[in-house]
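Colleague: So the sequence lines, in the order shown, correspond to chains A and B.
Okay, so the first sequence: first residue is 1 according to the working numbering, each after it adds one.
Okay, so the second sequence: first residue is 1 according to the working numbering, each after it adds one.
Where hints are given, some of them may not hold.
The list makes no distinction among identical chains, and a pair is therefore deemed to hold if it is satisfied within one copy or across any two copies.
[To be verified] In silico DSS-like cross-links for lysine-lysine, where the CA-CA straight-line distance does not exceed 27 Å: (1) K75 - K201; (2) K271 - K61; (3) K201 - K184; (4) K252 - K290; (5) K20 - K72; (6) K188 - K293; (7) K184 - K17; (8) K290 - K184; (9) K136 - K162; (10) K72 - K162; (11) K195 - K184; (12) K271 - K184.
Worth flagging that the hints you see were computed from the coordinates, not collected in a lab.
2 protein chains.
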Amino acid sequence: MIVGTVAFDAIETPFGKTDKILGGAATYIGLSSSHFNINNAIVSVVGEDFPADHLNLLSSKGINIEGIEIVKGGKTFFWSGKYHNDLNTRDTLETQLNVLADFKPVVPESYREAEFVMLGNLHPLVQLSVLEQMKKPKLVVLDTMNFWMDNAWDDLVKVIAKVDVITINDEEARQLTGEHSLVKSARKISQMGPKYVVIKKGEHGALLFNAEQIFFAPALPLEEVFDPTGAGDTFAGGFTGYLAESGDISFKNMKNAVIYGSGMASFCVEKFGTERMENLSEHEINSRMKEFKNLTQFDIELSAKKAL
Amino acid sequence: MIVGTVAFDAIETPFGKTDKILGGAATYIGLSSSHFNINNAIVSVVGEDFPADHLNLLSSKGINIEGIEIVKGGKTFFWSGKYHNDLNTRDTLETQLNVLADFKPVVPESYREAEFVMLGNLHPLVQLSVLEQMKKPKLVVLDTMNFWMDNAWDDLVKVIAKVDVITINDEEARQLTGEHSLVKSARKISQMGPKYVVIKKGEHGALLFNAEQIFFAPALPLEEVFDPTGAGDTFAGGFTGYLAESGDISFKNMKNAVIYGSGMASFCVEKFGTERMENLSEHEINSRMKEFKNLTQFDIELSAKKAL
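Please model the complete structure; the sequences and the hints are all you need to start from.
Modeller: Quick look at the structure:
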């Protein structure tokens with residue numbers, strides 16, 4: 001069960017720019033997690049201006065869209081942004097909340113028993129409202145961003161206290177805790193509630209923490225990153241989708257989930273918007289997972305090592 | 001066989017500052033590689049002001065110091081620097097070349113058949129001169145820095161053409177090639193000569209490239225980095241020391257070497273200067289290698305993965 005935006009984006013990177021295209025956190029999370037053998041469903045809101053084609057695309061990927069409310073006469077959430085040359089930073093050019101401003105999410109009865117809940121980036125009160133409608137989820141994953149730290153701190157702290165996993169980027173983790181060291185930062189976030197903390201470092205990979213252990217997944221070194229939009233959401237979709245498919249929420253299995261998250265994100269950035277995620281085969285995913293193995297797995301036999 | 005500076009450093013970080021302490025590329029490379037079961041030896045130069053204690057320390061670690069020339073009446077190379085708050089950048093406060101200005105390295109006869117040669121950061125002509133005195137090394141590893149790109153480009157290109165492996169940091173790789181993408185950058189560097197390219201990204205780990213493959217070793221996530229001085233040299237010492245001990249220069253074994261490099265560097269930054277490297281047990285190294293395994297190794301069974 002995914003809650004998050006389904007939206008229009010207009011994106012500019014050094015490689016080009018797009019008109020209004022399909023975007024939104026729930027869109028990327030949904031497309032990414034649809035590659036796993038799970039039943040996924042989106043709760044979101046769009047305006048009457050939202051093309052049926054976009055909704056059909058989501059349906060065609062096996063995503064249940066019963067929970068996407070279409071507001072008569074309303075306009076869909078719109079974001080536009082421009083990336084700087086290194087693609088690590090971006091400026092928001094325009095944000096039109098539109099129908100999102102009054103979004104009161106209603107989780108369809110058929111979704112309420114979902115075991116895996118992904119709270120995509122939204123106002124923390126909307127995330128809380130969704131969580132309260134769920135019966136007894138096995139795992140709740142939260143994504144958020146610095147905007148809510150600046151504008152809805154108390155609500156954000158409340159939702160963080162109620163989730164099992166938080167995914168957050170490095171600068172946001174530092175802002176949330178006042179700690180520069182990501183190790184210290186993760187520990188402080190963990191004390192706020194989540195048993196597992198995932199810190200996303202963009203092109204520098206992602207770290208997974210629980211109270212005792214740390215795991216690191218690199219980003220795939222790419223010749224070019226065309227458009228980072230949605231990479232974090234795609235990561236979260238791969239992470240949660242893999243966990244939902246396997247049903248195993250041990251730290252050991254979360255390591256695999258982080259690798260799948262990183263793998264799915266590595267596709268997302270290869271083309272503009274959702275384009276790459278719309279056309280992605282199981283064969284390509286398996287090949288990329290093999291690339292991640294080659295990239296990270298080594299064979300040091302410690303027991304056989306010298307005894308000086 | 002190591003060539004590089006043996007020097008005095010004065011270091012300031014947010015955690016404190018030191019007076020003139022033992023430093024220099026060859027010192028860090030030597031201390032790091034001395035933890036492997038090899039015969040290592042340094043070619044360098046110091047002044048008459050260099051304390052016997054420092055030389056005795058190197059000898060006590062099993063490093064042959066016959067090739068460290070002591071210039072009568074000369075003063076030892078001195079560097080002082082101050083790190084910024086994030087420890088990723090630093091300002092050089094003072095550089096006194098002293099005896100390094102006229103250094104004409106002479107490789108002792110007993111070193112000339114060394115199979116593994118580590119050319120630590122120095123003027124490229126000094127590195128070339130050392131290389132010309134070697135009989136038939138099995139593997140030559142070069143470290144360099146942006147200073148030589150700005151001041152001795154043609155000489156630098158000559159030495160790069162003659163080595164098997166280059167270690168270089170990310171910004172330097174970009175400067176050397178004009179490519180922002182590290183994948184493209186590594187390919188261009190490889191075309192300049194080295195079969196293997198190691199790009200060091202500091203706290204973000206290190207990448208190993210050959211013509212077909214990429215491997216990534218993370219830096220160990222630490223609560224605090226006290227002093228990054230010498231971390232790159234310590235990495236190079238661990239990398240080359242491991243390869244020299246095993247005698248295996250396949251890409252597969254270089255993966256292990258990069259992990260050892262990253263592991264040794266993770267100790268170096270825990271205390272000021274060489275302090276941590278002077279007091280490091282085999283047990284600690286093995287424990288840290290186990291940490292690197294836990295940090296990076298996962299268990300995705302691709303063949304068993306869903307066939308959607």
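Colleague: All hints, please: hold or fail.
Modeller: Here is how each hint holds up against the structure:
Proximity of K75 and K201 under a CA criterion of 27 Å is satisfied in neither setting, with 33 Å inside one chain copy and 45 Å between copies. Taking the closest pair of Cα atoms, K271 and K61 come within 27 Å of each other only inside a single copy of the chain (19 Å); across copies the shortest separation is 53 Å, beyond that limit. In the homo-oligomer, the alpha carbons of K201 and K184 lie at most 27 Å apart both inside one protomer (16 Å) and across protomers (21 Å), since each shortest distance falls under that limit. Taking identical chains as interchangeable, the C-alpha atoms of K252 and K290 lie at most 27 Å apart whether they share a chain (18 Å) or sit on different chains (15 Å).
Taking the closest pair of Cα atoms, K20 and K72 come within 27 Å of each other only inside a single copy of the chain (20 Å); across copies the shortest separation is 74 Å, beyond that limit. Taking the closest pair of Cα atoms, K188 and K293 come within 27 Å of each other only across two copies (25 Å); inside a single copy the shortest separation is 31 Å, beyond that limit. Within a single copy, K184 and K17 get their C-alpha atoms only as close as 39 Å, which misses the 27 Å cut-off; across copies the closest is 24 Å, which meets it. Taking CA atoms no more than 27 Å apart as the test, K290 paired with K184 passes between copies only; the shortest distance there is 21 Å, against 32 Å inside one copy.
In the homo-oligomer, the alpha carbons of K136 and K162 lie at most 27 Å apart inside one protomer (12 Å), although the nearest pairing across protomers, at 64 Å, exceeds that limit. In this assembly of identical chains, K72 and K162 lie within 27 Å of each other by CA distance neither inside one copy nor across copies; the values are 33 Å within and 70 Å between. For a Cα distance limit of 27 Å, the shortest separation of K195 from K184 inside one copy, 15 Å, qualifies, whereas the shortest one across copies, 39 Å, does not. Only between protomers do K271 and K184 lie at most 27 Å apart by alpha-carbon distance; the minimum there is 18 Å, versus 35 Å within a single protomer.
Checked against the numbered hints given earlier, this structure breaks hints 1, 10; the rest are met.
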